[in-house]
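Engineer: So you can see what is in the structure, the chains are spelled out below.
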Amino acid sequence: NAGVTQTPKFQVLKTGQSMTLQCAQDMNHNSMYWYRQDPGMGLRLIYYSASEGTTDKGEVPNGYNVSRLNKREFSLRLESAAPSQTSVYFCASSGVGTGGRETQYFGPGTRLLVL
Amino acid sequence: AQSVTQPDIHITVSEGASLELRCNYSYGATPYLFWYVQSPGQGLQLLLKYFSGDTLVQGIKGFEAEFKRSQSSFNLRKPSVHWSDAAEYFCAVAPGGATNKLIFGTGTLLAVQP
Numbered sequence: 114n115a116g117v118t119q120t121p122k123f124q125v126l127k128t129g130q131s132m133t134l135q136c137a138q139d140m141n142h143n144s145m146y147w148y149r150q151d152p153g154m155g156l157r158l159i160y161y162s163a164s165e166g167t168t169d170k171g172e173v174p175n176g177y178n179v180s181r182l183n184k185r186e187f188s189l190r191l192e193s194a195a196p197s198q199t200s201v202y203f204c205a206s207s208g209v210g211t212g213g214r215e216t217q218y219f220g221p222g223t224r225l226l227v228l
Numbered sequence: 448a449q450s451v452t453q454p455d456i457h458i459t460v461s462e463g464a465s466l467e468l469r470c471n472y473s474y475g476a477t478p479y480l481f482w483y484v485q486s487p488g489q490g491l492q493l494l495l496k497y498f499s500g501d502t503l504v505q506g507i508k509g510f511e512a513e514f515k516r517s518q519s520s521f522n523l524r525k526p527s528v529h530w531s532d533a534a535e536y537f538c539a540v541a542p543g544g545a546t547n548k549l550i551f552g553t554g555t556l557l558a559v560q561p
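Chains as they are written, first to last, in the working numbering: chain A, 114 to 228; chain B, 448 to 561.
If you are wondering where the hints come from, they were derived from the structure by calculation, not from laboratory data. Among the hints, erroneous ones may be present.
[Stated by the list, open to error] Below are the DSS-like pairs computed for lysine-lysine, each with C-alpha atoms no more than 30 Å apart in a straight line:
1. B:K548 / B:K508
2. A:K122 / B:K548
3. B:K508 / A:K122
4. A:K170 / A:K122
5. A:K184 / B:K548
None of the values given here were measured: they were computed from a predicted structure.
Turn these sequences into a full structure, and let the hints steer you where they fit.
Structural biologist: Structure representation (structure tokens):
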């Protein structure tokens, strides 16, 4: 199992450009998440999807859109990138594991620089 | 306000020394609690988790954590640190057991001296 995979690993954008970050999981998890990580702020939830066809806003959704394409894939789109969106983006998925409760598992991250 | 606090931004320990990383939360009910580790340039790896029951939980890589309800704390410990433990450590809380609403602390960066 690859777990949670993300593409691309790195990206540089100019202000106003658009891009889509891809995420896929092979653990048959129902729930998937997008976070951003900024220095000194930990991880903050952008959007999550509890199941295929559903999405919900997290703490910092402005400037982003998401698509839960199927059970495996959850993409994050920046329609018009801004320098404030320079960050490291993590995708996660969650499923019931040991202990009978859901636990989140993370991908390796996408490092995005917006100039 | 509800929050997760990791009071130590940066800690340096000598290899072989013991380690304790602090985590405090401010939620009314007992939440689910997690510790993750992030090596440089990598994603987050789950070290251990607490849902209920025994308040001392064992994790991977020789780490353990103790939940103390009276102190609203979930401190991470390791008896003997290895150089490969140098990383950033994040405490996370699922208030009321809502694992789709993880709240992360700001992290503690651990450096290990030879």
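Engineer: Hints first: check each against the structure and report whether it holds.
Structural biologist: Taking the hints in turn, this is what the structure says about them:
| no. | hint | result |
| --- | --- | --- |
| 1 | B:K548 / B:K508 | 26 Å, holds |
| 2 | A:K122 / B:K548 | 25 Å, holds |
| 3 | B:K508 / A:K122 | 27 Å, holds |
| 4 | A:K170 / A:K122 | 24 Å, holds |
| 5 | A:K184 / B:K548 | 20 Å, holds |
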